[in-house]
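Next come the chains, spelled out residue by residue.
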Amino acid sequence: MDIKNMTLKERFMYKTDIHSRRQFFQWCGKLVWALFRLLLIIGMAYVILYPVLNMVSKAISQDVFSAATTKWIPRRMGLFNINVALKYLNYQSSFLVTLQLAVGSSLIQVISCAIAAYGFARFEFPGKGLWFTCVIITIIVPVQTYIMSQYVDFRYFDFFGLTKIFGYSVNLLSSVWTFWVPAIFGVGLKSGLFIYIMRQFFLGMPKDLEEAATIDGCGPIRTFVQIMMPNALVSCLTVFLFSIVWHWNDYFTASTMFQFGERPLAVMLFNSTDMQTLTSSSAENLNFSYVKSAAALLVTSPLVVVFLVAQNFFLESIDRVGIKG
Amino acid sequence: MAKNMVKETKVKTKKDRKPMTLVQRNAITGYCFIAIWLIGFLFIFAKPMLTSVIYSFSKVKLTKYAVRTTFLGLANYDYIFNRDPYYTQNVLTSLGTMLYEVPIISIFSMFIASILNQEFRGRTFARVLFFLPVIIASGATIQILREAGMSTTMSDSTDSVYLFQSTALKDILMSAGINSKIVETLTGVIDKIFDITWKSGVQILLYLSGLQTIPKSYYEVSSMEGATGWEEFWKITFPMLMPITLVCTIYTIIDSFTYYDNPVMRHIKNEFNSLEFGHASAMSLVFCLIIFVIVIVVTKTIFKSVSDKVE
Numbered sequence: 001m002d003i004k005n006m007t008l009k010e011r012f013m014y015k016t017d018i019h020s021r022r023q024f025f026q027w028c029g030k031l032v033w034a035l036f037r038l039l040l041i042i043g044m045a046y047v048i049l050y051p052v053l054n055m056v057s058k059a060i061s062q063d064v065f066s067a068a069t070t071k072w073i074p075r076r077m078g079l080f081n082i083n084v085a086l087k088y089l090n091y092q093s094s095f096l097v098t099l100q101l102a103v104g105s106s107l108i109q110v111i112s113c114a115i116a117a118y119g120f121a122r123f124e125f126p127g128k129g130l131w132f133t134c135v136i137i138t139i140i141v142p143v144q145t146y147i148m149s150q151y152v153d154f155r156y157f158d159f160f161g162l163t164k165i166f167g168y169s170v171n172l173l174s175s176v177w178t179f180w181v182p183a184i185f186g187v188g189l190k191s192g193l194f195i196y197i198m199r200q201f202f203l204g205m206p207k208d209l210e211e212a213a214t215i216d217g218c219g220p221i222r223t224f225v226q227i228m229m230p231n232a233l234v235s236c237l238t239v240f241l242f243s244i245v246w247h248w249n250d251y252f253t254a255s256t257m258f259q260f261g262e263r264p265l266a267v268m269l270f271n272s273t274d275m276q277t278l279t280s281s282s283a284e285n286l287n288f289s290y291v292k293s294a295a296a297l298l299v300t301s302p303l304v305v306v307f308l309v310a311q312n313f314f315l316e317s318i319d320r321v322g323i324k325g
Numbered sequence: 326m327a328k329n330m331v332k333e334t335k336v337k338t339k340k341d342r343k344p345m346t347l348v349q350r351n352a353i354t355g356y357c358f359i360a361i362w363l364i365g366f367l368f369i370f371a372k373p374m375l376t377s378v379i380y381s382f383s384k385v386k387l388t389k390y391a392v393r394t395t396f397l398g399l400a401n402y403d404y405i406f407n408r409d410p411y412y413t414q415n416v417l418t419s420l421g422t423m424l425y426e427v428p429i430i431s432i433f434s435m436f437i438a439s440i441l442n443q444e445f446r447g448r449t450f451a452r453v454l455f456f457l458p459v460i461i462a463s464g465a466t467i468q469i470l471r472e473a474g475m476s477t478t479m480s481d482s483t484d485s486v487y488l489f490q491s492t493a494l495k496d497i498l499m500s501a502g503i504n505s506k507i508v509e510t511l512t513g514v515i516d517k518i519f520d521i522t523w524k525s526g527v528q529i530l531l532y533l534s535g536l537q538t539i540p541k542s543y544y545e546v547s548s549m550e551g552a553t554g555w556e557e558f559w560k561i562t563f564p565m566l567m568p569i570t571l572v573c574t575i576y577t578i579i580d581s582f583t584y585y586d587n588p589v590m591r592h593i594k595n596e597f598n599s600l601e602f603g604h605a606s607a608m609s610l611v612f613c614l615i616i617f618v619i620v621i622v623v624t625k626t627i628f629k630s631v632s633d634k635v636e
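Just so you know, the protein sequences line up as chains D and A, in that order. Mapping to my numbering: the first sequence position 269 is 269, numbers consecutive. Mapping to my numbering: the second sequence position 170 is 495, numbers consecutive.
Next comes chain D alone, as it looks inside the complex (with noise of 0.2 angstroms):
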């Protein structure tokens, strides 16, 4: 068969040996998908910032009417919806509160989710199955279905019967211990998980470690403390991060405990009833939607600064953590 009788088509085919032919398709469906790929996330983009940037320029937005030219940057600018949203939201001590509940809470918990998985992980006990079955267990119970009798307990907290004895209990709610007894005891928000998180890094750490630590004389405690903790700190710092968001917003725990004085930030958010008296009362004619808008950004931006900031290593960690089902 001669070449110049070829069609176009057979002469690619003719030309072109089979390897060279196949990697032209695979280039193309490379390209397909990259394409795909890229639409997904630029429509999972949208999705995302939309809200999130509209809830910006809302927040600082000091239109009273709007127009359609003036969607995004509005016409004229200002902190009044902030300065309304926190004076509503009490922010200072609001954040105060919130500040010390997520922090000192993720803190001890951190240290408490530690001990207690370092004890699952490396040592054989009687009961281990049952004990571990239970840590799974708070991760599947709602807190809703145990918090009222939690609440009636922080009402008249006795210390475990301690103070039974004398006769008189210690009112803990609606302060930050509420949150932070549970957390000492490592059953506090969301402390299964971190307990169930901990335990798998350990159980894939290498045994090499703590029999070297032993045959040179050193208890499990100490072990403990001095080999696996300075390795285990990438670990706890992941789960640091993650309690601290997960403490940060909470409402449902926290509005039941904190019903009277300084709330935390979430509580306050969600309470917006009192806001709509607030700025209807108000001498100026502002809009409550945006006043809302400002309020959710003064909740949510320490949090996105300390992810931006973070931002490497909150990344990294889902590389690291590696959960095993």
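Check each hint, because a few of them may be wrong.
Here chain D is said to cover these stretches of chain A; the calculated rule only asks that three of the stretch's residues, wherever they fall, bring their Cβ under 8 angstroms from a Cβ of chain D [claimed, not checked]:
id: 1; region: 407-414
id: 2; region: 420-429
id: 3; region: 450-459
id: 4; region: 518-525
id: 5; region: 575-582
id: 6; region: 588-598
id: 7; region: 609-621
Calculated from the structure, these hints are not laboratory results. All C-beta atoms in this analysis are idealised placements derived from N, C-alpha and C, irrespective of residue type, glycine included.
Following the hints, put chain A in place on chain D, whose structure we already have.
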């Protein structure tokens, strides 16, 4: 081992007592490590749990110094099932929502995670982006974001206009002669894309970390053998991710039930706020039992092979 033997002999010389074996010593140290957790579990978790059960059978009154309970029998349960007009209905609604949300979120997050795990330009940006829902994932903020971001009108109306309105698609599908119920569910899902994206932050993370644990050598071998990406996904990635899928599914089930927006949870909160502790306890216990049954059924049926392996 050697060290422990030395210690044993030491104990022998110090005190004339029967020395502990290594197993015993290990057991005691182990219990020491979990002791704090154990106290917490018994007093801060198990005790309130038991008290909840007691409350659900009694009338609870808060006095200044203590709690008074009077035994009522099954009256609270009778109330929530027979006299409360909303409880059963709310439970059914949230079960229905769970039924379609859980599989969609699981599949969606697996898909997104396997995309984010690939090498491409702008991968860091995409990963930061998908982290945002985890950071902002607070009920209150999401509610405000949804209201503020979605409503096109600047009025204070709370009825949210969704980001994607699928009325056009609905019309096309309807005129194509597809059953209206199928169309409704399909477009309903599209309307909910906002909620699904924002709810699947943690699940995407779980999948991403799960993807990291799959050995790279598996992919090397399969690509040498000439497997396509599609085959690699179904033959390697998907089965290797099954344990994570189990964790994700259970997380999503629990999350969908305890989400701030869940009608049952709101109902319980209302009862709680009006100090009807008995009703609230009964409601949450029944609901918890339902969750438990669902979790166990899911683990034992859909993920049978995985759960057997884990155990």
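For the region 407-414 of chain A, do three or more residues have a beta carbon lying closer than 8 angstroms to a beta carbon of chain D?
-> violated (count 0)
Can the region 575-582 of chain A be counted as covered by chain D under the rule of three residues or more with Cβ-Cβ separation shorter than 8 angstroms?
-> Held - the region 575-582 of chain A has 3 residues with a Cβ nearer than 8 angstroms to chain D, which meets the minimum of three.
Are at least 3 residues of the region 588-598 of chain A within less than 8 angstroms of chain D when you compare beta carbons?
-> holds (count 4)
Holds or violated: the region 450-459 of chain A covered by chain D, criterion of 3 or more residues with Cβ-Cβ distance under 8 angstroms?
-> holds (count 9)
Coverage criterion applied to the region 420-429 of chain A (partner chain D; beta-carbon cut 8 angstroms; 3 residues) = Contact hint for the region 420-429 of chain A vs chain D: violated, 0 residues under 8 angstroms.
Counting residues of the region 609-621 of chain A whose CB is closer than 8 angstroms to a CB in chain D, do you get three or more?
-> holds (count 7)
Test coverage of the region 518-525 of chain A by chain D using CB-CB distances below 8 angstroms; three residues minimum.
-> holds (count 4)
The structure does not agree with the numbered hints 1, 2 stated previously, though it agrees with the rest.
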